[in-house]
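The primary structure of each chain is shown beneath.
There are 2 protein chains.
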Amino acid sequence: MTYPTAAARRGSRTESVMQDMRDRIASRSLAAGARLPSVRACAQMHGVSVSTVVDAYDRLVAEGVIEARRGSGFYVSDRLVPLSLNDAGDRRSHVSDPVWVARQALESGEAMHKPGCGWLPADWMPDQDIRRALRAMARQPLAPLTAYGTPQGLPALRQLLCRRIGERGISAGPEQLLLTESGTQAVDLLCRYLLEPGDTVLVDDPCYFSFHAMLRAHRASVVSVPYTPNGPDLAAFEQCLSRHRPRLYITNSGLQNPTGAALSFEVAHRLLQLAQQHEMWIIEDDVLADFEWRPAPRLAALDGLQRVIHTGSFSKTLSASVRCGYIAAGVKEVAGLVDLKLATAFESGHFSAEMLLQLLRSGAYRRHMEGLRKRLAEAMTHTIRQLGELGIVPWAEPRGGMFLWCRLPQGISASDLARRALASGVMLAPGGSFSQAADADSYLRFNVSQSLAPDIYSVLAREITAGGG
Amino acid sequence: MTYPTAAARRGSRTESVMQDMRDRIASRSLAAGARLPSVRACAQMHGVSVSTVVDAYDRLVAEGVIEARRGSGFYVSDRLVPLSLNDAGDRRSHVSDPVWVARQALESGEAMHKPGCGWLPADWMPDQDIRRALRAMARQPLAPLTAYGTPQGLPALRQLLCRRIGERGISAGPEQLLLTESGTQAVDLLCRYLLEPGDTVLVDDPCYFSFHAMLRAHRASVVSVPYTPNGPDLAAFEQCLSRHRPRLYITNSGLQNPTGAALSFEVAHRLLQLAQQHEMWIIEDDVLADFEWRPAPRLAALDGLQRVIHTGSFSKTLSASVRCGYIAAGVKEVAGLVDLKLATAFESGHFSAEMLLQLLRSGAYRRHMEGLRKRLAEAMTHTIRQLGELGIVPWAEPRGGMFLWCRLPQGISASDLARRALASGVMLAPGGSFSQAADADSYLRFNVSQSLAPDIYSVLAREITAGGG
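Protein sequence lines, in the order shown, are assigned to chains A and B.
With the working numbering applied, the first sequence covers 9 to 477.
With the working numbering applied, the second sequence covers 9 to 477.
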């Protein structure tokens, strides 16, 4: 990935200040009626001159976004109606909006091909096993199930999860585990626990698009660090630590989303040293762990859950409906997280936990995953070959899983292509949803399990020819 | 309820400023290392003199909670480890902590009597019906269920919910409904959508204790308005609006928790006028609606979902494990909420939604609720009689539901009683968890469905005699 040149960055400082303020207003980190930072503070914050800020504020006043009040500064224009995360006009046109991919994938009908979506096809899921678990649950008295669970979640399941994460080298007792509704809820709860509005958070570039949307909801300031095939670029990482003093870094160590890359031991070790020096927390979100053939190094394993908090779920492997995620952390952190969970979600689904326990105990899950890994490996080979014929090449060949991060032929815009393909019944995931890099729009993320239909490649071939010039 | 006298309030302004700062630090609305408001700003905010604030800050410095930095103000003492919601020592001793009741109720074993807990006994739940629904689900192909749902949630269920809330006079189309994981998650999502850190929120006094814990997590400043048997005290309500300019009011209209009281039409109408004048949002959390014999007036019905957002769930009536809550709001708000849900929870459980749909469609839920209302009415009569013999009297007789808000005999402290009863195997819910009023500790909330065991009354009798003096 290449990043904007220094010259390009200098190009429009006024615009960048304006955009930052617009973003803060859109994300409601500056609410209607709120006072903007003083011109001097803003200049300092952006490292620009006072006159640049005055210019930016004046132009925002002209746009009606903010208003000047005599003698007291600038304020966000008042309005009662709350702003949504993306408030402007037609949501469907925002191809690079982080939420766009999720929305398309969820809202598109059955007829749509979805190589851009983030999960497996429904018929890859263990329908029979889940039905068997349902029947087993229906046979026994449900009373313990229909009551509220303990705040940390089903003890037997926590015990079992400890053994599972133990296989990735992470040692934790059941008292260090907390069950949540989902992997997403796990990360969200941790963000609430760890972050103050305005805190800086590091993410990988490219990264799972939902991290951006979620961190925006937490009013965090997000800084992206380029990801290499062995983990984050350590030089850039260190620079970001010194410069932005982030409170938190969120990453996937096993099979990174969207690249499918994994951390090397060397990078893991050095990264933890840096995190310690700078007193930074790390969330290692491991939802794709079970797709690995052999476990990659885990930050949580090296760190012993001191400053790394490990999360996971079964939504990707089992069913989006079996709502059960988990957090593994230090005992002290778990206590605080339980309180926060009680305050904001009250409990997680005991029902899903029980079903999951059945599937894990019976061996059904293990057998399902063995089949899935093989099937994905075949789909991966197929997809790489098909895309190769169109000049679409993997950034790196993944060690497993469903995601393939690919570079388009020269001159093709991923967002243009996505917009045109959508009209032909193919939903793609353009790079701009995952990456802030200057060349993000040259990339697409493919889900190999959703990329088997020949139609997909004929649409791609046609639209690449049409759009390429 | 009586409130602290003006004299008592004036008594310790320094302590009140200190407590406010401690609360902000505990809730992390002021993070480690954050700068405190300037002495002048703080004085203005609290309506006290500058010297009072200087005194308060000096004492907090002496306590090690904050530190002074030369020439630049006061800062929260730096520490890496994040603060939990209640960070101090042994969590179990905090009888008046809002989370205490929830924690006790969830963590206490089967042997404990729980008149203080917030839900029905497991054996009051429709075990057979749920098992039948599970079997029905196990018979059909699950593919559509195991996939991710549409972001707003199962359309057929939304349609059915529209009819149900229509019976309370609220007219909304399915496009105005959004499904969530639970009622709690519904309110939490709305708080995220509507609130900025530091915003003021009105709640009833007494109110559902989780609102306090949740609003703390949102870094909102909470102002309580006394609740009367017909709704909030309007004079106090209006005063709060003028004085604190709250952004939001959260209430239960149907059967208020913990009092079981309901809104009158007159109060509802005037309250909405006030909300409009002051451009305030209202969340009407209606989780107890199905316990009513006849629907009480609903703010959302009168307002037409303009500035009132209505929420509900089935956790209290059906099963805490059937995770399905809902939000009814204006179309514009729903669009924004969907984005926020995608960003922070991704989806809600399609599985639970499907099970709920089965139970609602088959009539099983209706029959279950008819039985439940009768059984609760009997338990209510029984509990009132038994408590009466101990001199514990209802604040008002509820129109239905499970909660009874009761005043203890003169001189008995609810938190003391709760602590002692817990040691004898009875978990109570002391008034301080629900109320900020000066006499809060004279009240207990009883759940009549959990108050049938004779042991409960012998423990209460013994402890009241022992503690009363």
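Hints may be right or wrong, so weigh each one.
For the chain B half of the interface with chain A, some residues (derived, Cβ under 8 Å), not all of them [said to hold, decoys possible]:
1. 114
2. 139
3. 145
4. 146
5. 158
6. 192
7. 353
8. 377
9. 381
Pulled from the structure, derived: some chain B residues nowhere near chain A, Cβ distances all over 12 Å [said to hold, decoys possible]:
10. 243
11. 360
12. 369
13. 432
14. 466
To give an idea of the chain A side of the interface with chain B (calculated C-beta under 8 Å), a few residues [to be verified]:
15. 67
16. 149
17. 204
18. 208
19. 328
The set of hints was computed from the structure by calculation and includes no laboratory data.
Using N, Cα and C, we set each Cβ at its ideal position, and we do this for glycine too.
Here is how each hint holds up against the structure:
1. 114: holds (5 Å)
2. 139: Check passed: Cβ of residue 139 of chain B comes within 4 Å of chain A, closer than 8 Å.
3. 145: holds (6 Å)
4. 146: holds (4 Å)
5. 158: Hint on residue 158 of chain B: holds, closest Cβ of chain A at ~6 Å, below 8 Å.
6. 192: At about 4 Å, which falls below the 8 Å cut-off, the nearest Cβ of chain A leaves the hint on residue 192 of chain B intact, so it holds.
7. 353: Since the shortest Cβ distance to chain A is 6 Å, the answer is holds.
8. 377: It is violated, given that the least Cβ distance between residue 377 of chain B and chain A is near 15 Å, above 8 Å.
9. 381: violated (18 Å)
10. 243: holds (25 Å)
11. 360: violated (7 Å)
12. 369: Holds, because the least Cβ-Cβ distance between residue 369 of chain B and chain A comes to about 18 Å, which exceeds 12 Å.
13. 432: The claim holds: residue 432 of chain B sits with its nearest Cβ about 22 Å from chain A, beyond 12 Å.
14. 466: Nearest chain A Cβ is 25 Å from residue 466 of chain B, so the label holds.
15. 67: Violated, because the Cβ-Cβ distance from residue 67 of chain A to chain B comes to roughly 24 Å (cut-off 8 Å).
16. 149: holds (6 Å)
17. 204: holds (4 Å)
18. 208: violated (13 Å)
19. 328: holds (4 Å)
Checked against the numbered hints given earlier, this structure breaks hints 8, 9, 11, 15, 18; the rest are met.
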